[in-house]
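> Work out the full structure, taking the sequences as your base and the hints as a guide.
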Amino acid sequence: MIRYLLRRLAVTAAILVVICAATFAIFYLMPADPAQGACGKACSPERLATIRATLGLDRSPFGQFGDYLGGILSGRTYGSGATAVQCPFPCLGFSFQTNQPVWEMLTGRLPVSISIAVGAAALWLFVGVTAGVVSALRRGSLWDRAAMTAALGGVSLPIYFTALVLQYLLVVQLNVLPYPTAVRLTEDPVGWAQSMVMPWITLAMLYAGVYARVTRSEMLESLGRNYVRTARAKGLSEVTVVRRHALRPALMPIVTIFGMDLGALLGGALITESVFGLPGVGKLAADAIASADQPVILGVTLFAASFVVLANLAVDLGYAALDPRVRAVG
Amino acid sequence: MSARAAATTDTGSRTAGTAQVTVLRRLLSQRGTALALAAVALLVLVALAAPLITWLTGGSPTAFHGEAVDPALGGLPRGTAGGVSAEHWLGVEPVNGRDVLARVVYGARVSLLIAVLATAVSTLLGTALGLLAGFLGGWADTLIGRLMDLLMSFPSLIFMIALISAAPGADRRLLLIMVLGLFGWPYIGRIVRGQAMVLARGEFVAAARVLGASRRTLLLREVLPNLTGPVLVVATMSIPACIATEAGLSFLGVGVQPPTPSWGQMIASAVPWYASDPAYFLIPGVLLFVTVLAFNVLGDAVRDALDPRSKPR
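Protein sequence lines, in the order shown, are assigned to chains E and L.
Going by numbering that gives the first Met the number 0, the first sequence opens with residue 0, and the numbers climb by one from there.
Going by numbering that gives the first Met the number 0, the second sequence opens with residue 0, and the numbers climb by one from there.
It should be emphasised that the hints constitute simulated quantities derived from the structure, not laboratory data.
Among the hints, erroneous ones may be present.
[Unchecked claim] Partial selection, computed: residues in chain E whose CB lies under 8 Å from chain L:
#1 A149
#2 L151
#3 S155
#4 L269
#5 I270
These numbers come from a predicted model, not from an experiment.
Where a beta carbon is used, it is the ideal one built from N, C-alpha and C, also for glycine.
Below you can see the structure in the form of structure tokens.
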């Protein structure tokens, strides 16, 4: 297990470095000059040159990449003397548009993204898996057909459209919810829930559909297995058969996609946050793209990729802990 | 009888021809699928006939109609439901007064074209690389497998945005096709790889190898034809995903650029107006939903029809 763990950690680190390099390469190729962006419209050539030197843009691409990686591991200082800008560990770059280290911007936005992701995930996991299990148990019934039609509809919904419809119905027409704002759970739990409920429903409608479909097909497969027949033949109650023998193996693939989906969402729900105007990591990315704030785009990309990669790692390790065969093969 | 034909019939005594008929009959026997097929056909027709439709209704997707909007109300369309009138059947845009029907119809063209071509790119790449990985095994498999893992663990939406904004001068449509194809192929490649691994160990491949077939022949004539089914299924599923992603990117402002209309872009420009002119986001939104739904239903149906395990309901 230790060997497996170490190997997986090494692979994860390698993937992160490659993602970092790929992202960096894309931004290096970008025609927009980050120094120009930081300098503003009225910019003298001398000032531009100073900024280039401060940002280390006069160095070779590999040198710049090295600077960047070094910054992540131990922080870095832009420029020197009185104008020096400190970017403490872990330095994911410095936004000269907002005069903030990217890491600070990210961590400041993270609570909103976590609120959205965790709430939505709880909702879709419960709804999706329940609907899938019931559908599988009553295959071909009216419930099954209705649930699967709804699931297919949910899967096909564009989230920005769902978000707009919800906001139009619940806020503008029925007036049952306020416009979402960034409320902290610790300060105003009711306001927080009111702000979050629309993003939760928006995301859950999409994902619950996926989960219901996967759960149903996995359940149908495991219900047909011999060990389920054996469990029934032993005279176990139907509830025990379903919960302990059929559902458990069916949940394995659900755990996999759940880890990846949650990881991706923690790195920012770009569209949902933008539509509802909630200042999470995704909104930060959208705003950075709009204002061409390259260090921020680069930082968000890496940040979000780390969540996906780490979620993958968590899922794999969970698998390995549960199933010794994975350790041998993986 | 070739080894390939033998492989397709070893589950029963059907020949390839009647198998295709069965698949088609299975597809059409379900009401939902037939409806979805009709919806997709209609959409393709509308997209193809876009110039004809706008000629009939007299609206151009880019012409401004200042007289159809009310400057006193901040540019809201005059009349009900987003300015529906004899000239503008689905109303007009706020401020500019461009004809919504014309933009929706041309938008269908853009969305479909991008989705179909992006799917073609990802299918081609996914099939070729998945086939090589699964058939050759060894270092080729490791290399391609790792590449697929890597691409699938990228936060693709942010990355697509980064890639697209890195090339401001390029044709956005072409760029979208390439980017969607680039991030889409591992999903096809993974399935093809798995299938190719199984097929490569098949007796018909061993037989052909004994008969002296080259590696190329084995790949292209023995293994590849047996992959048609799964590839068709994932390709059908990839079209709605591409449509949705393209619309999402256009919604975020990095997709199709104005004045070329796209559904996602129309919804994005409708956001500031959603409370005062809901028809403006409802029309492209509902169309997008119905289109993606129809393709998804079709994808499911193709999978069920091709899967020998699933019984016709």
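> Now, for every hint given, state plainly whether the structure supports it.
Each hint tested on the structure:
The restraint placing A149(E) at the interface with chain L is violated, with a minimum CB-CB distance near 11 Å, outside the 8 Å limit. Below 8 Å, beta-carbon pairs count as interface contacts, and L151(E) has one with chain L at about 6 Å; its hint therefore holds. Contact between S155(E) and chain L, as hinted, is supported at the beta carbon level, the nearest pair being about 4 Å apart and thus within 8 Å. Evaluation of the L269(E) hint against chain L yields a held restraint, the C-beta minimum of about 6 Å falling below 8 Å.
Here the hint on I270(E) is kept, as its CB sits about 6 Å from the closest CB of chain L, short of 8 Å.
The structure fails to meet hint 1 from the earlier list, while all remaining hints are met.
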